[in-house]
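Please put together the full structure from these sequences, using the hints given.
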Amino acid sequence: MRENNEDRPAAPAAESASEPDAGTVALDKDAAPGEVLLKVTGLQKHFPIRKGVLQRQVGSVKAVDGIDFDVRSGETLGVVGESGCGKSTMGRLITRLLEPTAGTVEFEGRDITHLGVRGMRPMRRDVQMIFQDPYSSLNPRHTVGAIVSAPFKLQGVTPEGGVKKEVQRLLEVVGLNPEHYNRYPHEFSGGQRQRIGIARALALKPKLVVADEPVSALDVSIQAQVVNLLDDLQQEMGLTYVIIAHDLSVIRHVSDRIAVMYLGKIVELADRKSLYESPMHPYTNALLSAVPVPDPRRRAAKSERILLRGDVPSPIAPPSGCRFHTRCWKATEICKTAEPPLIPLATGHQVACHHPENAEDQAPQDTVLLTAAVEAAEAAGVEVPETAVPDASKAEATEA
Amino acid sequence: MTAPMHDTTTDVDEPAPVAAEATAESKAKKVEGRSLKQIAWNRLKQDKVALAGGIVVVLLVVVSVFAPVLVSLFGHPPNEGNLDQLEDLTNLPKGALGGISGDHLFGVEPNTGRDVFSRIVYGARISMLVAVLAAAVAVVLGTLFGIIAGYFGGWVDAIISRVMDVLLSFPQLLFIIALVSVLPDDLLGLSGSGVRIATLVLVIGLFGWPYIGRIVRGQTLSLREREYVEAARSLGGGSRHILFRELLPNLVAPITVYTTLMIPTNILTEAALSFLGAGVRPPTASWGGMLRDALSVYEHDPMFMVFPGLAIFLTVLAFNLFGDGLRDALDPKGTR
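Chains as they are written, first to last, in the UniProt record's numbering: chain F, 1 to 400; chain H, 1 to 336.
Treat the hints loosely; a few may be bogus.
[To be verified] A partial selection of chain F residues facing chain H, derived with a Cβ cut-off under 10 Å: (1) Thr95; (2) Val117; (3) Val127; (4) Phe131; (5) Leu138.
Calculated from the structure, these hints are not laboratory results. A virtual CB, placed ideally from N, CA and C, is assigned to each residue, including glycine.
What follows is the structure, encoded as structure tokens:
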């Protein structure tokens with residue numbers, strides 16, 4: 001059970017083991033594989049909306065609104081969701097590029113939620129980030145050598161054999177020509193630039209790498225190369241990844257566990273196999289049904305695509321109860337009023353839904369669908385049981 | 001013998017990678033040549049008008065720096081009266097076109113008989129000195145405050161922006177005229193025209209920085225959202241590193257362009273102030289001062305007005321053309 005891993009005693013042990021010890025292999029000084037490296041509890045980020053001369057706060061964008069998860073050493077956690085669901089904000093919160101509104105972020109048992117720039121500096125060695133846009137993540141006025149050696153300069157670290165030698169080694173590791181040390185970013189292609197970004201992130205031998213859409217800006221043929229490079233580096237250096245993406249096939253390829261986000265919440269968190277084979281949350285079902293099948297013969301065999309109606313509601317005023325109830329074809333009264341907790345319904349499979357699929361219904365007494373849900377079901381092409389349809393008169397009344 | 005033999009072979013082997021590295025380095029150096037600067041230079045070379053402006057600017061700088069040498073070669077000391085060159089009755093220069101001759105290339109001044117060529121040359125010195133130093137003051141202040149306002153935003157930005165608004169709406173010319181009239185002749189060890197020049201530099205610079213400041217602030221606002229700023233922060237870089245190592249190199253192009261466009265404005269301001277009598281003090285040569293002197297005699301000796309006027313016109317035009325060309329060359333979205 002995951003709860004055992006989340007227990008506090010594991011954390012101090014990891015911290016004591018993390019004392020720098022140059023002689024040992026990289027994996028030895030890290031938390032042992034499977035131990036909790038990063039633990040996030042009730043994490044929230046609300047961006048205030050200010051208006052007027054006095055900059056009065058008139059509301060807030062609830063980009064991340066209370067999420068809990070943990071990342072175990074050596075694994076890859078994939079985070080998926082559509083644009084605007086708070087994935088990137090979540091990534092910037094755990095790398096502490098943003099200050100959380102509430103909740104805690106613990107790295108190796110140490111609370112880093114509210115550390116300042118100075119306090120975070122030593123932590124930066126262990127937590128690194130790979131950015132989405134290879135065209136804006138490299139300073140156009142710096143040479144590749146300057147970019148990749150920046151981590152050493154900023155952290156005051158001199159690697160064995162000198163900075164230049166180490167930078168050239170890193171360039172070689174990520175598959176670039178070390179002779180390109182003196183070139184500028186504009187002389188490289190998107191894929192090469194992303195490799196430079198990866199070299200920079202790996203320079204300090206971090207334990208956790210947060211990759212925010214690492215391949216979404218790249219050509220599909222290059223995507224595979226970069227994903228495989230990330231995979232190889234993980235095995236060589238014993239890295240732990242949090243990979244944020246909206247591409248389900250990329251996530252499926254790289255992840256050990258997958259978190260599905262919707263409107264600032266994690267709706268489902270499961271092992272890869274379990275998530276792809278028996279998704280429980282209706283939103284996950286809809287997402288998975290949208291994955292294109294490259295083989296036309298298999299396409300016919302695949303079940304109908306579930307079409308979701310409407311747009312993602314505004315994160316300024318998210319829906320009450322379950323945030324997905326406005327678009328869900330299974331939504332009932334309880335979904336509107338009570339927020340479903342993220343609970344394990346199978347081994348290694350957490351889901352936040354009152355009426356999950358492939359699992360026992362959490363609110364079996366509540367069978368009457370919302371009017372919107374019936375429409376959603378029609379649009380989605382899902383059959384609705386007769387008993388679940390609300391009274392015709394009631395439906396008309398709400399429509400009128 | 002085998003052991004030493006072995007040693008020598010390894011010794012021979014060792015330099016090889018070093019040599020390979022050296023060739024690799026020289027290759028990389030060649031590649032480095034195609035930097036952004038190189039691209040801009042190539043574009044600038046194709047812009048004939050800007051290039052002509054640039055050549056005039058370089059000439060002006062050379063003239064200002066080597067003013068004493070030029071004058072000793074081609075003219076007379078700027079404050080020496082050549083009264084023998086003037087008509088006895090009218091005090092106007094002898095000969096046609098304001099007394100132009102092989103000895104006095106641009107003629108002589110009416111009334112005083114001073115050599116116009118050497119006064120134009122020394123006037124260029126004053127104009128360039130004031131304009132460039134004032135631009136330097138403006139660039140330092142403008143870049144510093146602009147980058148801070150743009151990066152930190154919030155109340156810092158609000159205060160700096162309001163100060164810039166106030167300075168931009170201030171009647172600069174009136175302020176300087178009033179200030180000059182109350183300043184003592186000797187100040188902080190400077191005397192004579194030294195005080196005036198220092199005052200001009202500081203005041204023109206002080207009123208000039210908001211122009212640069214606004215541009216830098218605007219650029220910083222867009223640059224600070226780039227991911228490389230976040231990358232620097234995620235590596236543990238502090239504000240100072242981000243401001244001066246990450247952002248400043250990207251601001252060099254607009255700052256350079258607006259500096260070259262600011263210098264002619266400063267030259268005009270200095271000339272206007274000297275014309276009004278609030279600039280450089282009379283015995284010291286300045287283009288604006290010469291124009292004022294020419295005003296009383298232009299009906300009889302127009303050439304005395306033509307030379308300083310032409311000097312100001314050509315200088316301002318050259319700087320503006322060069323600045324425009326530079327902007328086109330440095331703009332990555334340029335069509336050329």
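Hints violated by the structure (listed by number, smallest first): Violated hints: none; all satisfied.
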